[in-house]
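Enquirer: Could you build all of it, start to finish, from the sequences and the hints given here?
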Amino acid sequence: MQGHNEYLKVAIAGAGFAGLATAVLLARQGHDVTVFDKFTEPQSVGAGVLLQPSGLAALRVLGIEGEVLAAGARIERLHGVTRFGWPVVDIRYQHWQPGSFGLGLHRGVLFDALWKAARLHGATIVAGQEVKDLAALQAKHDLVVVSDGCRSSLRCQTGLASTDRVYPWGAVWAVLEDPSGEHATTLRQWYRGAKEMLGIMPTGKAPGSDVPVVSLFWSVPARDHEAFLAAGLEAFKGKVRALHPGCDALLAQLDSMERLTWARYHDVVMPAYHTDRCVVIGDAAHATSPQLGQGTNLALLDAVALAECIAQSAALPAALERYTELRKQHLHFYGEASRRLTPLFQSEQALLPWLRDVFMNMSTKLPVAGTLTRDVLVGVRQGWLKAPPLPLPKA
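Straight run, no breaks: the sequence shown in UniProt numbering ends on number 395.
I should point out that these hints are in silico values taken from the structure, not numbers from a laboratory. Quick reminder that beta carbons are idealized off the backbone N, C-alpha and C, glycines included. A few of these clues could be false.
FRET-style restraints, in silico, Cβ to Cβ [said to hold, decoys possible]:
no. : residue 1 : residue 2 : range
1   : Lys394    : Thr186    : 39 to 49 Å
2   : Gly63     : Ala249    : 43 to 53 Å
3   : Gln97     : Gly66     : 37 to 47 Å
4   : Glu234    : Val368    : 43 to 53 Å
5   : Arg259    : Glu182    : 14 to 24 Å
6   : Ala369    : Thr186    : 46 to 56 Å
7   : Thr275    : Gln253    : 20 to 30 Å
8   : Ala227    : Pro391    : 43 to 53 Å
9   : Glu76     : Ala369    : 16 to 26 Å
10  : Pro98     : Arg259    : 33 to 43 Å
11  : Glu130    : Ala249    : 21 to 31 Å
Lysine-lysine pairs mimicking PhoX-like chemistry, simulated, CA-CA at most 25 Å apart [unchecked claim]:
no. : residue 1 : residue 2
12  : Lys328    : Lys237
13  : Lys132    : Lys38
14  : Lys205    : Lys9
15  : Lys195    : Lys237
16  : Lys394    : Lys365
17  : Lys132    : Lys9
18  : Lys9      : Lys38
19  : Lys328    : Lys365
20  : Lys116    : Lys205
21  : Lys394    : Lys116
22  : Lys239    : Lys195
23  : Lys205    : Lys328
24  : Lys140    : Lys38
25  : Lys140    : Lys239
Expert: Written out as structure tokens, the structure reads:
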């Protein structure tokens with residue numbers, strides 16, 4: 001097997017954020033990198049993303065922080081209230097570290113930046129070619145990086161243990177214009193128990209536009225999705241107004257149910273992420289509910305860690321083993337945290353959201369609980385109590 005001073009022939013299956021970020025970093029190291037993706041045209045599917053300080057640190061390593069910041073929306077606060085205005089979540093980034101912030105971003109902006117950087121550093125991108133046979137790809141490459149998303153068709157071909165559970169709840173979302181900046185700087189949520197949740201996230205600017213946009217989210221049980229569609233647009237708008245009357249300007253932009261995109265979420269767990277010549281990263285390895293806003297950040301950190309392990313290890317098997325060692329604690333913590341916290345916001349429960357409403361905001365004002373909550377938000381927590389925070393990558 002090749003050593004760290006030799007070039008590797010690398011195949012990356014999936015051109016999502018994890019795959020493209022890995023392509024940037026490994027191509028920059030001089031490896032022969034080819035990215036395969038099923039889409040015939042470059043595209044990123046989904047709503048806006050929230051980049052935490054952890055993800056922003058990864059952007060600096062990738063060398064694309066400047067252009068992404070220019071198109072994003074700086075978020076200084078997360079604020080969530082009940083339908084009666086009772087505060088449930090109120091977290092300010094500056095209380096973690098002065099000057100820190102999150103970044104609301106249109107997916108297309110990050111995708112375009114990673115795509116261009118990967119091509120710039122010499123990666124080959126093969127569009128319209130979905131990888132279905134892992135063994136065939138391994139026969140032609142030293143390393144295969146599986147990054148084909150939460151519905152990965154290759155994960156089971158690695159021989160690695162994994163579980164994949166589909167969440168019983170999902171969400172509909174839309175990207176809408178906010179030319180006045182009314183919804184700037186704060187990611188806001190409104191709750192009616194755990195059965196209804198509205199979110200509005202500043203999302204910066206769409207690719208090719210100078211108009212600020214926001215991502216609007218509405219929680220829907222998967223079993224009710226068809227009934228939700230059948231009820232129609234005015235019924236949806238009525239529910240939103242009942243929970244938060246102050247978003248008529250956004251709702252006016254919705255002229256059909258087709259403007260609302262349905263998203264389901266997976267909970268993927270793997271005890272280890274590697275074999276001797278294959279590694280699974282991103283949502284293919286550790287998809288979670290979006291409740292903690294960490295998916296994109298974890299994917300970017302995966303890419304940075306993998307590239308560092310390959311650069312610093314004498315042989316590929318040792319590099320991949322080191323990758324699992326480095327990422328396992330962090331990824332397993334966020335998977336567990338997501339499983340524990342999601343029912344507080346998306347479930348049929350009555351007691352859990354009541355306890356949330358009574359105690360959550362109060363607890364964040366206590367020193368230990370406040371530190372834990374902020375560490376979880378910014379993406380550096382690795383355990384509930386004694387685990388040290390994740391060191392952020394440095395460019």
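Enquirer: Identify every previously stated hint that the structure contradicts and give their numbers, smallest first.
Expert: 1, 2, 3, 6, 7, 11, 12, 14, 16, 19, 23, 25
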